[in-house]
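Let's have the full structure, built from the sequences with the hints guiding it.
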Amino acid sequence: MTVAPETIGRENRLRSAQRFLVDNPVVVLVGVLVLLFVLTDVVNRHDAGEPFITWNQLSTTFLVAAPLGMIAAGQTLVMLTGGVDLSVALTATAAAFATSWQGNNGTVEGILAGLGVGLGIGLANGIGVGIFRVNPLIMTLGTSSVTFGLLSIYAGKSFEKVVPSFVSKLGSDRFFDYLPANLILWTALAALLILALRYTGYGRMLYAVGDNEVAARLVGVRVWQVLVFAYALCGLFSAIGGLLLVGFTNNPDLGLASPYLLQSVAAVVIGGTSIFGGWGSYSGTIVGVLILTVLGSLLTLLNADEWQRQVIYGAIIIALTAIYARVSGSE
Amino acid sequence: MTAAPTTAALEFRGATAWRRNLRLHGWTIAVWLVLLAMVPYWRSLSEQDFKFDVQAVAIDALPLCFAAMAQAVIVISGGIDLSIGSLMGVVNVLSAREMVDMSFRHALLFSLLVIVLTMLASAFTGLIIVLTRIPDIVVTLGMLFVWQGVALWIMEIPGGGVPIEYSDLAVGDLGTTGIPNAAVVVFAALMIVWVPIRWLRPGLALYAVGSNRNSAYLSGIGVARTRVGAYLLAGVFTGLAGLALSASSGIGDPNSGTTYTLNSVAAVVLGGVSLLGGVGGLIGVIAAAYVLTLSKIILLLRGTDPNYANVYQGALIILVVVIGGLLTRKTRS
Amino acid sequence: MSGEAPLLDARGVAKNYGPVLALRSADLSVTPGEIHALLGANGAGKSTLVKCLTGVVRPDQGTIAVGGRAARPRSPMHAAKLGLAPVFQDPALVPDLTVAQNFRLTGSSVGAVRSQLTAMDLSVSFRELVGDLPLPILRMLDLARALTHDPQLLILDEITAALPSDLAERVFAVMRKQREQGRSVLFITHRLAEVIATCDRATILRDGRNVETMVPQEGGEARIVEIMLGPEAARAEKVASELDEAELPATEEAAEADAEPVLEVDDIRVGAVQGISFTLRRGEVLGLAALEGQGQDELFEALAGQRRLEGGELRVEGKAFRPRHPYDAVRRNVVLVPPDRLLALLPQRSVRENVAAPLYNTPLRWGPINMRDEGRRVRRAVEALDIDMRAAKQVRRLSGGNQQKVTIARWIASGFAALLCNDPTRGIDVGTKRQVYSLLRELAEDGAAILFFSSELAEFPLVCDRVLTIYGGRVTAELAGAAADEASLLQAMHGLQLDEAVA
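For the record, the sequence lines run as chains A, B and C.
So in my numbering, the last one in the first sequence is 356, and the numbering has no gaps at all.
So in my numbering, the last one in the second sequence is 375, and the numbering has no gaps at all.
So in my numbering, the last one in the third sequence is 1092, and the numbering has no gaps at all.
There may be inaccurate statements among the hints.
Derived DEER-like restraints, expressed as beta-carbon distance ranges [claimed, not checked]: (1) 79/A <-> 264/B: 53 to 63 Å; (2) 71/A <-> 142/B: 53 to 63 Å; (3) 696/C <-> 86/B: 53 to 63 Å; (4) 278/A <-> 59/B: 35 to 45 Å; (5) 157/A <-> 238/B: 30 to 40 Å.
These aren't lab readings, by the way, just hints derived from the structure by calculation.
Heads up, the beta-carbon is just placed ideally off N, CA and C, and yes, glycines get one too.
In structure tokens:
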């Protein structure tokens, strides 16, 4: 019986447009991505005399973006619960190392070792945050510190590091010259993730816990279960990202994934997932990942100094989030 | 029970004073006790004389103390600042570059200028947060990159220097007492900058905004003004932190600040300041900074691989927070 | 009211939030020495008008004059200085500071506030942390502080909601004193009985406009509801409420027939509850009536699994029931509708997700969702409650009444044996309340067992088959639904013996 607030003519259309954009923020982001591609294309033609939007470049962009895409997938899950995982980069690195060490004993052992490490770290995070209610910032900080220490110790010792050939191929091969192997993996996992978030009970519970933990508890959800699972999955995805990275570089190195930590948070935020939880999607994150990757290429083309890259990077994060906040009218 | 309930005076009593004070100050006292408890063990491991050792700890902890104080001010007001470390780096390289050929007096004056600039820079971040309504984690994450870039622009590779007397401010000691300057400076900053504000309206406003922004607004507090003010105030400590880096290390390094951001958050939490805001104080945070530094030194003295030190520190932080969380179950609306 | 300059004269006040017109054009005039009610359904514009008057938001159009002089309040504190002192539903007190610190923050004299409290026969230590004090006490503190400004117009926004009757009495006394001193009170409330008992005039808002200003005693509740809802809806309500009353005698008999116990409470102790026993049976609505702080919240929390019992036993359908987590309760089909909808809803999620939420509360159900089944269940529940689905994408966009319906709808969708309703009609408009009453009766008729607590005594005879009153942590009386009139309930709620003549 309560009457919906009235609207006037033109403002009616504006309101529907605003609502559409709020409920489908990915549209705006894809627009930004296309813009970036065009910009990079223009710059490339100007500087190098050839276009950027070629099959080869596109393929490379996706190849380079895939590892970040995996790490950001895990970060998306955690941020949907209202938390953040600051250990994703080191987890990826640790997984890369584990795979390389076990790579001696075979491909399967290597991959299992890497995934196992990721899962283990994720579980530790999940137990800390879900069961002991440690603040996610602190917990993941702690595990990343521990991981870094352990890695430093073992990295010093001389183990034979062999990246399994399967992993190498997965990380750097392209089918038919243009279709990166890791893109196939990314696409498959992305589809799985997007469908799972939307059409499984767990997906619903993930959003519920992130939106209002108290309300979730009221309907009988044991919140710790949802959180442990989320962080464990995050660790797993980070591990996959690490494997793809080491497959690409073929050299496990302590600094392998360090830039990816902040980039993963940035990609998720740019993609429209609320940092407070309960709202967002992986599709937005995917576009966020691509935006960051193309941005990186653009900056490289512009021969930007390292410091310029940093400043622009930071400004872009703020600007894009501001635009998104404006459009969605959210706090 | 009385027959006519409406005429008797209704008196209400909540928690007893004892329990209330425990809740307000218990954590701070506990952290200082932990620090004191670590001292005997530390002495037993070290072969240096006491004065030298205390000096070493105070110097090592100095930048972290200030960084943690800056972070604490912001967290108390309900925010968080991931760009503190990077801004520290900017201050470090700027001061090291300019002070290389300065006299002590000029260096001091320049320091004042630098602190003012840092306050403005930090307030700028606060303004962006308030005006764009983007969550502070996101804005300060962006500013982290911006300041990092600025630091690299000012100085690409480590270099520069500071006058010896300036350095002495951090590494020397107070006359013949042997009290390290590094400790004196921290407490002087606390007394001069924080204590005057903390119990008066500006300080109460900080706590109020961090405790419940809506109630604070309805109480008539200028919420936006207070939040920007928090960043402005934190800028003082961030500036001091960067200068401390310059004074204690003697050079400027654009990457010097990076570890301080996350360590400052750790010190804040260990120091009893709730990440939700509105609770805690700077004294506990200072103790926490010393605890973190001292635990690192103890591990080194034990001859553990420096990398194990990271492992232990990480585990220690988690442990403290878990225990602290279990002890102070606090429900917030 | 003749020739006297109005204390407050607001004309043509309008406010829109983007394309949403929250207030279209409202006039409000309050004369000196009157208690003036501001009424309206949720969404009618009451709270927006109050926010404009008190400086919380700036109106887009309109003029406000206080005592003949133009006023543009910039903030609640500024409004207080202009003579309009507001007391909001959420107290303007910060939880982590002490009471004294809060007052220092707002520049209020501690001594002045204390003397106002003493005048109200209340005493509170100012060294308490605000977070340690219960909401009703905080409201009284807020009120005392507002009074220290010596306001021309005291604006009370839903102050009596969730206020126990002894404190509410003090508020009414303050209101009357204001009037005696030639000042005025603007009283915003959903409680029509209070309006009729205390107010001189009432202005009613509908759809963002003021539609009528009248004397509440002439025409009574029925007239007020009619104006609030508009002629069409009011007619429908009249029919509905007549049906309700016609049904009541029949339900008494129906409850006797189905005597199967669903929830047995055996001498339980938790919080302020010192030994309560009762049996909730199929097909009945059992009411609980109590003053504030008598243990009703702890009781509901314990039954719903949110809190551990300190003593006693529970049984559901004959078998022992020891819930340690809400999941244990939900699994045994004992479900809770809490008093604060903010605790029960997922604000950014859709109505469908909110309603379907309990279906996936265990890892066993984390797999793929059967969308068709879910759609059917949700649709059925939404229809049963007549939820307005126009803003269905995010539950926070719904009105208060619709939000409350969602908290009930979810249990209809997932099924239940015992429905625990703790003040389900708090802060929602009259029309929705009526719908909730008839729904609860319908559910009971279909065999559900419902436990019902309300802070509005008038609701008990409309909804319940029998009513238990609680005082001093124990059950003091049991009344048949029809016999649960306000006088009897109040006596029992204060622990007094019921007069035989009244029962």
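Now the hints, each set against the structure:
no.	hint	result
1	79/A <-> 264/B: 53 to 63 Å	55 Å, holds
2	71/A <-> 142/B: 53 to 63 Å	41 Å, violated
3	696/C <-> 86/B: 53 to 63 Å	55 Å, holds
4	278/A <-> 59/B: 35 to 45 Å	58 Å, violated
5	157/A <-> 238/B: 30 to 40 Å	38 Å, holds
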